[in-house]
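Taken in sequence, the protein lines are chains S and H. Each residue of the first sequence is one higher than the one before, counting from 12 in the numbering used here. Each residue of the second sequence is one higher than the one before, counting from 12 in the numbering used here.
Simulated from the structure, these hints should not be mistaken for laboratory data. Among the hints, a few may not be true.
A pair counts as met if it fits within one copy or between any two copies, since identical chains are not told apart.
Computed cross-link-like contacts, DSSO-like style, restricted to lysine-lysine with a CA-CA straight-line distance of at most 27 Å [stated by the list, open to error]: (1) 16 / 76; (2) 88 / 16; (3) 48 / 77; (4) 77 / 88; (5) 16 / 48; (6) 82 / 48; (7) 77 / 16; (8) 48 / 88; (9) 88 / 76.
There are 2 protein chains.
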Amino acid sequence: MGITKTEGFDPQVLHMSEVIKALGHPARLAIMEYLAKSPSCICSDIISELPLAQPTVSRHLSELKKVGLIKGEISGKNMCYCIDREGWNAVMEYFAQLSACMEAPTEKCNSSKNK
Amino acid sequence: MGITKTEGFDPQVLHMSEVIKALGHPARLAIMEYLAKSPSCICSDIISELPLAQPTVSRHLSELKKVGLIKGEISGKNMCYCIDREGWNAVMEYFAQLSACMEAPTEKCNSSKNK
DNA sequence: ATAACATATTGTAATATTGCAATATGGGAA
DNA sequence: TTCCCATATTGCAATATTACAATATGTTAT
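Given only the sequences and the hints, what does the whole structure look like? Please build it.
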């Protein structure tokens, strides 16, 4: 159906999957890489870095912004995007927690079930 | 168009985005959580854990397997899935490297450009 | 062999995603 | 103001994704 079912899932899983989904696209992952590595955050630089048309890049940028992975600030005539550390760190912590559960054979790791 | 352009992107970005995309769905992320937390890896347990029909879960499982995040082993009448640590760790290392680039203000972090 | 169970595959309908051209918007410069 | 420039938005068309019923496959027990 193309529609993703959301009922019956843990709210944290729902939220995280949405953020992670935004990272699951070459253009958007490349944007994150670029912003992580480059001192420049000017939108036009990002556009010229990617093999996609300007409207397409703009759409990907707004999707990353929507889920809180980047934030944009107007800087004169340009738009300056940068990584939103809060959103990014939340994903990293989520993954770290999952990894920890894999390592710990018999520990609880049931933080999401305590409700 | 629904089709994702791949030309002009770094091969690592292409591969990683594919794996991450598999994680960007509530059912598939819930499966990963379940396998990380639970000692059981029997397919039927996963199915009864999710609010989705059996064929749908089966498809999600095969997608996770396709990108190397889980692996399945036949165990008599049952199928036993578990996390493929190699694939999982590759994603974690990729993210760790990206995070490191964000922290390091003026270091190179250009490993992907050395080609 | 047959029944019962567990899982995978196929077919299909509904919806989502992607990409780009065209266009709109908004700021600075002339 | 008018002309650029940079970016966002809109409107498609093509393709991908999702979910499930129906069905197929394979395994174990009887």
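Hint check:
Taking CA atoms no more than 27 Å apart as the test, residue 16 paired with residue 76 passes in both settings, with 23 Å inside one copy and 21 Å between copies. For the identical chains of this complex, residue 88 and residue 16 are neighbours neither inside a copy (41 Å) nor across copies (29 Å), given an alpha-carbon limit of 27 Å. Taking CA atoms no more than 27 Å apart as the test, residue 48 paired with residue 77 passes inside one copy only; the shortest distance there is 22 Å, against 30 Å between copies. Taking the closest pair of Cα atoms, residue 77 and residue 88 come within 27 Å of each other only inside a single copy of the chain (22 Å); across copies the shortest separation is 45 Å, beyond that limit.
Taking CA atoms no more than 27 Å apart as the test, residue 16 paired with residue 48 passes between copies only; the shortest distance there is 23 Å, against 36 Å inside one copy. For the identical chains of this complex, residue 82 and residue 48 are intra-copy neighbours only, at 16 Å inside a copy versus 33 Å across copies, given an alpha-carbon limit of 27 Å. Taking the shortest alpha-carbon separations for residue 77 and residue 16, both the intra-copy value of 20 Å and the inter-copy value of 22 Å come in at or below 27 Å. Taking CA atoms no more than 27 Å apart as the test, residue 48 paired with residue 88 passes inside one copy only; the shortest distance there is 23 Å, against 50 Å between copies.
Taking the closest pair of Cα atoms, residue 88 and residue 76 come within 27 Å of each other only inside a single copy of the chain (19 Å); across copies the shortest separation is 46 Å, beyond that limit.
When the structure is compared with the earlier hints, a violation turns up for hint 2 alone.
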